[in-house]
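Student: Using mature numbering (1 follows the signal peptide of the UniProt record, and there is no 0), the letters of the sequence shown map in sequence onto residues -17 to -1, 1 to 449.
The hints are simulated quantities; they were obtained by calculation from the structure and are not laboratory data. Careful: at least some of the hints might be erroneous.
Calculated cross-link-like contacts (lysine-lysine; reagent style DSS-like; alpha-carbon spacing at most 27 Å) [said to hold, decoys possible]:
id, residue 1, residue 2
1, K165, K37
2, K230, K35
3, K165, K74
4, K283, K428
5, K425, K435
6, K435, K362
7, K362, K315
Pairwise CB distance ranges (calculated) [to be verified]:
id, residue 1, residue 2, range
8, A251, K202, 43 to 51 Å
9, D344, A251, 41 to 49 Å
10, P404, D254, 20 to 28 Å
Don't be surprised by glycine CBs; every beta carbon is placed ideally from N, CA and C.
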Amino acid sequence: MKTMLKLLALIPAIAVAAPEGAVVTAGPLTSLDKLTSIPQVKNAPVPNRSIKVKSWQTVQGSKVMFVETHDLPMLDIRLVFDAGSARDGEKSGIASLVSRMMDEGTPTRDTSAIATAFENLGASFDASSYRDMSIADLRVLSDGKYLEPALEVFTDVVAHPVFPDAAFNRIFDSAQVGQQQKQQSPASQASVLFYKNLYAWHPYALPPTGSADTLKTIKIEDLRNFHQQYFVAANAVIALVGDIDEKRAQQIAERISSQLAEGKPAPALPDAPGLTRARHLHLQFPSQQTHIMIGQPGIKRGDPDQTALAVGNEILGGGGFNTVLMQELREKRGMTYGVYSSFVPMRSQGPFIINLSTRGDQTGQALDLIRDLLRNFIKQGPTEAQVQEAKDNILGSFPQSTASNSDILAYIASMGFYNEPLDYLETFPDRIRGVTADQVRKALKAHVNPDKMLYVTVGQGVDVKK
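With the sequences and hints as input, model every part of the structure.
Tutor: Put into structure tokens, the structure is as follows:
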């Protein structure tokens, strides 16, 4: 799983900030992995092969991304809407509630009928929301006797949710319980504090699932208005991977798109504010371990330095036990079980983050060491040997990361959402091979400033250098 998470940060997987308290990666973490297996089909890996992506636009304005593969009699569909928590406004948590309530009922089906229909067809549905986007997934057998009725239910659920009162009250109560649980988690508290202070007034500042205070302000009508504005054809990407031909894919995409209101694309997000100086924020918390998040705004998706930074991050803290951070903090000093770094390219500048937990009395020492390691790494850059090893690791893991339909679906959906070239996956290995140590050094110096980092600690009191 760690290999998959690492590659999601490199290839154009969906760039999101992870839920509060999670180690930050770039993906929705291929949410189809959560879905149950389809009856009659063993979810075996798809053999490694060339991935030819086709794309077009529906009459209603949805971008379509399609990969044809006949290894399994199955079709995976992902709808991606520019409808993440960055569109919530001051009432953070709306996008999350919309996704959680999507399958709670339509004008013609209640939640029980929806669940029964998918179950009887051996189909699986999932919906989720992140900072940049909301997604809805369908996995179903490609045989028409399963596919046709599953598509009917899927399009009805995504296009016509009614957000019933009883379901809203139940899910609202569940969300409030979730907020209470997060109050007991130092990792969750660190994430909220980190994003709030890193992004200030920017939409990325607010937690995707909302807060106890913002949830209290949300009404059912807010969910209906949000869905009406953002879950529209012109604001959607339709990704399909599986056992159908292009003509059938066109028919399915038109069928889905035609059920959505035409609407308009969401406006561009503003650039994220930069940090003008280093800051350290500490939240006192009764825990033996102190949770630490360090970072600054990073890059947008599609930045020219994205590949070089991916290789650099592999060396710094993204590549397992042999990284600079892991060797110095865990292997040599035993300060932590794990320390990880990541770039999370997004629509606006996503964060560069270093994430770890350590014993409370070692917090100051860990912060000082990371600060020094960052300065030295950015100043000196990696060696040729480190760059080659990082490239070998990435390239060695790459084939497995595109082995299944659901993996490919996550990638091409992201490519469509972030306007990546259709040959992005095909050319990925060559781009990695072409990265030089000098390119990594220049990219790190351009995008990582060790003297303008935000340091967030949640735990017992800490003592750090001024």
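Student: Hints first: check each against the structure and report whether it holds.
Tutor: Here is how each hint holds up against the structure:
A threshold of 27 Å between alpha carbons decides the hint, and for K165 with K37 the separation of about 42 Å lies outside it, so the pair is violated. With a C-alpha separation of about 16 Å, the suggested pair K230 and K35 falls inside the 27 Å cut-off, and the hint holds. Taking the CA atoms of K165 and K74, the gap is about 18 Å. The hint holds against a cut of 27 Å. For the hint pairing K283 with K428, the CA-to-CA distance comes to about 16 Å; that is within 27 Å, so the pair holds.
Annotation: proposed proximity of K425 to K435 holds, straight-line Cα distance about 18 Å (limit 27 Å). Among the hinted pairs, K435 with K362 is consistent with the structure: their alpha-carbon atoms are about 15 Å apart, no more than 27 Å. Between K362 and K315, the direct Cα distance comes to roughly 22 Å. Compliance with the 27 Å bound is thereby established for this hinted pair. Separation of A251 from K202 is about 28 Å and departs from the stated range, judged on CB atoms against 43 to 51 Å.
In this structure, D344 and A251 meet the distance hint of 41 to 49 Å, their C-beta atoms being roughly 46 Å apart. With their beta carbons about 23 Å apart, P404 and D254 fall inside the hinted range of 20 to 28 Å.
Of the numbered hints listed earlier, those contradicted by the structure are 1 and 8.
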